[in-house]
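Participant: Protein chains in written order, with my numbering: chain A, 1 to 310; chain B, 311 to 646; chain C, 647 to 982.
To be clear, the hints were calculated from the coordinates, so they are not data collected in a lab.
C-beta: ideal position from N, C-alpha, C; glycine also.
All clues given are correct.
What follows is a list of derived Cβ distance ranges for each label pair:
{"hint": "1", "chain 1": "C", "residue 1": "Tyr712", "chain 2": "A", "residue 2": "Pro256", "range": "35 to 41 angstroms"}
{"hint": "2", "chain 1": "A", "residue 1": "Pro256", "chain 2": "C", "residue 2": "Leu829", "range": "36 to 42 angstroms"}
{"hint": "3", "chain 1": "A", "residue 1": "Ile195", "chain 2": "B", "residue 2": "Gly573", "range": "49 to 55 angstroms"}
{"hint": "4", "chain 1": "B", "residue 1": "Gly573", "chain 2": "A", "residue 2": "Gly138", "range": "57 to 63 angstroms"}
{"hint": "5", "chain 1": "C", "residue 1": "Leu829", "chain 2": "A", "residue 2": "Val139", "range": "47 to 53 angstroms"}
{"hint": "6", "chain 1": "B", "residue 1": "Ser465", "chain 2": "A", "residue 2": "Leu136", "range": "40 to 46 angstroms"}
{"hint": "7", "chain 1": "A", "residue 1": "Arg269", "chain 2": "C", "residue 2": "Lys654", "range": "39 to 45 angstroms"}
{"hint": "8", "chain 1": "A", "residue 1": "Pro256", "chain 2": "C", "residue 2": "Trp820", "range": "36 to 42 angstroms"}
{"hint": "9", "chain 1": "B", "residue 1": "Gly549", "chain 2": "A", "residue 2": "Ile195", "range": "57 to 63 angstroms"}
The calculated DSBU-like cross-link candidates involving lysine-lysine, where the alpha carbons are at most 30 angstroms apart (straight line), are:
{"hint": "10", "chain 1": "B", "residue 1": "Lys342", "chain 2": "B", "residue 2": "Lys629"}
{"hint": "11", "chain 1": "B", "residue 1": "Lys447", "chain 2": "B", "residue 2": "Lys342"}
{"hint": "12", "chain 1": "B", "residue 1": "Lys427", "chain 2": "B", "residue 2": "Lys455"}
{"hint": "13", "chain 1": "B", "residue 1": "Lys342", "chain 2": "B", "residue 2": "Lys391"}
{"hint": "14", "chain 1": "C", "residue 1": "Lys770", "chain 2": "B", "residue 2": "Lys427"}
{"hint": "15", "chain 1": "B", "residue 1": "Lys391", "chain 2": "C", "residue 2": "Lys770"}
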Amino acid sequence: MTQLSSQPPAAASETAEATTLPAATSHPLIELWHAFRENHAALAGLIIILLIFVAAIGADFIAPHAPTEQFRDYVLVPPFWQEGGSIRFLLGTDDVGRDILSRIIYGARLSMLIGLIVVSLSLVTGVLLGLLAGFLRGVVETVIMRLMDIMLAIPSLLLAVVVVAVLGPGLFNAMLAIAVVYLPHYVRLTRGSVISERDRDYVIASRLAGAGLFRLMFITVLPNCLAPLIVQATLGFSNAVLDAAALGFLGLGAQPPTPEWGSMLADARQYVLDAWWVVTFPGLAILITVLAFNIMGDGLRDALDPKLKR
Amino acid sequence: MPLLDIQNLSVAFQTRSGVFSAVTDIHLTLDKGEVLGVVGESGSGKSVTMLAMMGLLPWNAQVTADRFSFDDQDMLSMPEKARRRLTGNDIAMIFQEPTTSLNPSFTIGFQIIEALKIHEGGSRRQRRERAIELLDKVGIPAPAKRLGDYPHQLSGGMNQRVMIAMAIACNPRLLIADEPTTALDVTIQAQILDLLLELQQERGMAMILITHDMGVVAEAAERVAVMYAGQLVETGTAGDVFHHPRHPYTGALLNALPERHPGQGRLPTIPGVVPGIEDRPQGCLFNPRCPHVQEDCRQTRPALESDHSTGSSHDVFKKVRCYHPLVAQEQGEVAP
Amino acid sequence: MLTFLLRKLALLVPTFLGVTIITFALVHLIPGDPVAIMAGERGIDPERHAQLLHELGLDRPIWQQYFDFLWRLLHGDLGRSLVTHNSVFDEFLALFPATLELSICAMVFALVLGIPLGVLAGVKRGSIIDHTVMGTALTGYSMPIFWWGLLLIIFFSGVLGWTPVSGRLSSMFWIETPTGFMLIDTLLSKEPGAFVDAIRHLILPSIVLGTIPLAVIARMTRSSILEVLGEDYIRTARAKGLAPFRVIAVHALRNAMIPVTTVIGLQVGVLFAGAILTETIFSWPGVGKWLIDSVSRRDYPSLQGGILLIATLVMLVNLTVDLLYGLINPRIRHNR
Numbered sequence: 001m002t003q004l005s006s007q008p009p010a011a012a013s014e015t016a017e018a019t020t021l022p023a024a025t026s027h028p029l030i031e032l033w034h035a036f037r038e039n040h041a042a043l044a045g046l047i048i049i050l051l052i053f054v055a056a057i058g059a060d061f062i063a064p065h066a067p068t069e070q071f072r073d074y075v076l077v078p079p080f081w082q083e084g085g086s087i088r089f090l091l092g093t094d095d096v097g098r099d100i101l102s103r104i105i106y107g108a109r110l111s112m113l114i115g116l117i118v119v120s121l122s123l124v125t126g127v128l129l130g131l132l133a134g135f136l137r138g139v140v141e142t143v144i145m146r147l148m149d150i151m152l153a154i155p156s157l158l159l160a161v162v163v164v165a166v167l168g169p170g171l172f173n174a175m176l177a178i179a180v181v182y183l184p185h186y187v188r189l190t191r192g193s194v195i196s197e198r199d200r201d202y203v204i205a206s207r208l209a210g211a212g213l214f215r216l217m218f219i220t221v222l223p224n225c226l227a228p229l230i231v232q233a234t235l236g237f238s239n240a241v242l243d244a245a246a247l248g249f250l251g252l253g254a255q256p257p258t259p260e261w262g263s264m265l266a267d268a269r270q271y272v273l274d275a276w277w278v279v280t281f282p283g284l285a286i287l288i289t290v291l292a293f294n295i296m297g298d299g300l301r302d303a304l305d306p307k308l309k310r
Numbered sequence: 311m312p313l314l315d316i317q318n319l320s321v322a323f324q325t326r327s328g329v330f331s332a333v334t335d336i337h338l339t340l341d342k343g344e345v346l347g348v349v350g351e352s353g354s355g356k357s358v359t360m361l362a363m364m365g366l367l368p369w370n371a372q373v374t375a376d377r378f379s380f381d382d383q384d385m386l387s388m389p390e391k392a393r394r395r396l397t398g399n400d401i402a403m404i405f406q407e408p409t410t411s412l413n414p415s416f417t418i419g420f421q422i423i424e425a426l427k428i429h430e431g432g433s434r435r436q437r438r439e440r441a442i443e444l445l446d447k448v449g450i451p452a453p454a455k456r457l458g459d460y461p462h463q464l465s466g467g468m469n470q471r472v473m474i475a476m477a478i479a480c481n482p483r484l485l486i487a488d489e490p491t492t493a494l495d496v497t498i499q500a501q502i503l504d505l506l507l508e509l510q511q512e513r514g515m516a517m518i519l520i521t522h523d524m525g526v527v528a529e530a531a532e533r534v535a536v537m538y539a540g541q542l543v544e545t546g547t548a549g550d551v552f553h554h555p556r557h558p559y560t561g562a563l564l565n566a567l568p569e570r571h572p573g574q575g576r577l578p579t580i581p582g583v584v585p586g587i588e589d590r591p592q593g594c595l596f597n598p599r600c601p602h603v604q605e606d607c608r609q610t611r612p613a614l615e616s617d618h619s620t621g622s623s624h625d626v627f628k629k630v631r632c633y634h635p636l637v638a639q640e641q642g643e644v645a646p
Numbered sequence: 647m648l649t650f651l652l653r654k655l656a657l658l659v660p661t662f663l664g665v666t667i668i669t670f671a672l673v674h675l676i677p678g679d680p681v682a683i684m685a686g687e688r689g690i691d692p693e694r695h696a697q698l699l700h701e702l703g704l705d706r707p708i709w710q711q712y713f714d715f716l717w718r719l720l721h722g723d724l725g726r727s728l729v730t731h732n733s734v735f736d737e738f739l740a741l742f743p744a745t746l747e748l749s750i751c752a753m754v755f756a757l758v759l760g761i762p763l764g765v766l767a768g769v770k771r772g773s774i775i776d777h778t779v780m781g782t783a784l785t786g787y788s789m790p791i792f793w794w795g796l797l798l799i800i801f802f803s804g805v806l807g808w809t810p811v812s813g814r815l816s817s818m819f820w821i822e823t824p825t826g827f828m829l830i831d832t833l834l835s836k837e838p839g840a841f842v843d844a845i846r847h848l849i850l851p852s853i854v855l856g857t858i859p860l861a862v863i864a865r866m867t868r869s870s871i872l873e874v875l876g877e878d879y880i881r882t883a884r885a886k887g888l889a890p891f892r893v894i895a896v897h898a899l900r901n902a903m904i905p906v907t908t909v910i911g912l913q914v915g916v917l918f919a920g921a922i923l924t925e926t927i928f929s930w931p932g933v934g935k936w937l938i939d940s941v942s943r944r945d946y947p948s949l950q951g952g953i954l955l956i957a958t959l960v961m962l963v964n965l966t967v968d969l970l971y972g973l974i975n976p977r978i979r980h981n982r
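Could you put the whole structure together from the sequences, leaning on the hints where they help?
Facilitator: Put into structure tokens, the structure is as follows:
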């Protein structure tokens, strides 16, 4: 609270009448960081995300055991603080004696990978389609946007289930399905931004200066549509993790013995009333990850707000 | 016993970066049936003062006063509930933007009857008849049919008439009109003003007319208070203030009236803007824009003091906040 | 209003056709033809295979098959399940009340809690209440509901033993189900205790399914209320002397609900998606579980029909929401 940054505080916008002078020209990313840093919850989200990424990358060194190693003599061992628990298996073991903590750590690797791949796939494709729809208009626009409407008419998880049904169950197909499901959001967002930017003076100036369509799309207009896309991508990451886990839970995503959080829960379902730890910890991992991304997404949106509210 | 008596009223806003005082040192008295014009540029604290009077300021506002009474009841110590019985009933207010000041989701009938319902009671039918009567009173044609209309179906002028009907519904003794004509077409402005004055006379209401238009004040008010940057700079009878302005700001405002410069191309303006709540200057608040500024104006802030230099000897309201007030001269020309 | 309705309906037609194309393509994109799937691992001799293909019309050009499909669709024929050989439409219809009942209860849960909490958070902006409500809402929004369901089962069914683990009604009751809605059917059956038992079965699934809509509605209500509270007409309402509760419950809420209804409409899709997971956890015999079972049994006609029906329902609900939106927002009602 006390550390007001050097430039006029953008947050204290109560005195909005006062013309906000452009601050000492710092990079927009630095300004974004200053606004973001004010939001303590969002900062906490970012730290948790970084920790998860560290766990994901360093799983081989951090995890006490291999994710699929079965300790036949230690089946359904409770967490270490409970009676019968062992310090060897901090969060207990599952029904075939695998260490739950290790599986969760390796699961983080899988979830981060899922998030990255899904977001990249739908972001790149969605932005491309959105730019095309926004710039070419006419038939191209109608076809693309109608298609997106159709996809939005089918509830997200249901659409993912359909895609998996066609492609067959499995982690990769699940990722593809989720990427397809979230495509319309990016397309709509990009097209909306393009349409609002398209007729602005700087774009027309660039066009008059002889910029080609490609240059106009990617160099002139796209950077000015980034703010909402960044927020959507952050929130999309959490959606991807959540939906991949849901598909895994339904048996349509990652297949056993892959240490994926959702499929771990599917395995654990039958022990709901006997071994709470088998159920609790993988779900907690999903919740914390998704929550961290959502908090950060909210924080980013608030930090970028002046641009979004325009 | 004045109807409204305000001595040394201040309003401050508590924000994250500190406390900012919006208005300070306000003294106003108003008798029954009297019309007071409050004049000043935007940002001079007129509206904040009036909202304080209505108890409508946001929660982070702190209102203090030596005396703040309506009809001899202390408004500051009054419990919230008793105060709400006064607002909308004995003290009513109409606002600048009629179209946004009416709730878009309810019919105008509902909104007028609602005011009657909480303060007057009576049967459903009586209230309805009274609402029709009120609409008729404010000059809305076919009032019975209009009851079921939504605000967006009426013009701005009609909406302002509805606002007035709502305000006078419970026969208030004080009506505060916050720039009631600013947002309307020029042709409608005079009509609305005339309507307000007619109602005021007929009912013997006291009225505070807030405006930045000196012409409106000249037409309507008996007494005038001029505000600048959250302070009163001059008060007096309308005649005195218009013919013998004492504060340089009042002089400059009058000088900017088109009527005073017939046939001339450009009107004189006051350079600069009203200082914001956070960047008020040292000394007299008007000193950066004052054409007659002297050294002492930059040092300390002058107090609002009684002024007996002008003719009207009986005028106890004549006060000015200036070290070097203007000397009374011929109308339209001002010099130190 | 009628033209508005017709225009919206006209827009639905291409979307609906698109959905039929997608669902039609679904079956044809799947490796292996339906006859082979039906035959399963037993295999089938080529001659019989060709004959069956012909009988099912699968040897004709693909566009002809599509128009066939569309034609049958228009007559309410969605084909037969490969597993039960019942009409897909009838199966859907038999299971749908279970899903609908669950969805309605979930939505009621979400609305009854979400709107007041959102209003409270908005009115008490920045307070501990606000932070708590919004923190909880974000957690709910991030909740993997299949895990949430399991947790609730562990606690309420396992530890406390308050609620049953699965199904719609305990097996000790055997009642007629003329409507398919267990709450209504148990009441009709006059079987003592059956109604309470049905409610006990509904509680946990409703909470699980309602969690995400609850979070979304609370967040949306809060931001909508915040926006509305800054409007001029709220000031007018307060200037009438209305109690704070009435200002919020009548003047703010009605306007704040306009954007919230849109969000509520969008939650219907979320509910169907959530129903898949919720019904799987609680062995709830509805269309969600049926669809997942169809996937694992490779019962493609059921999957195809189910998705088509659900997509149509979602579109119709969104249309209804659009109309409702017009009803509560008078500005739209009159301008269309």
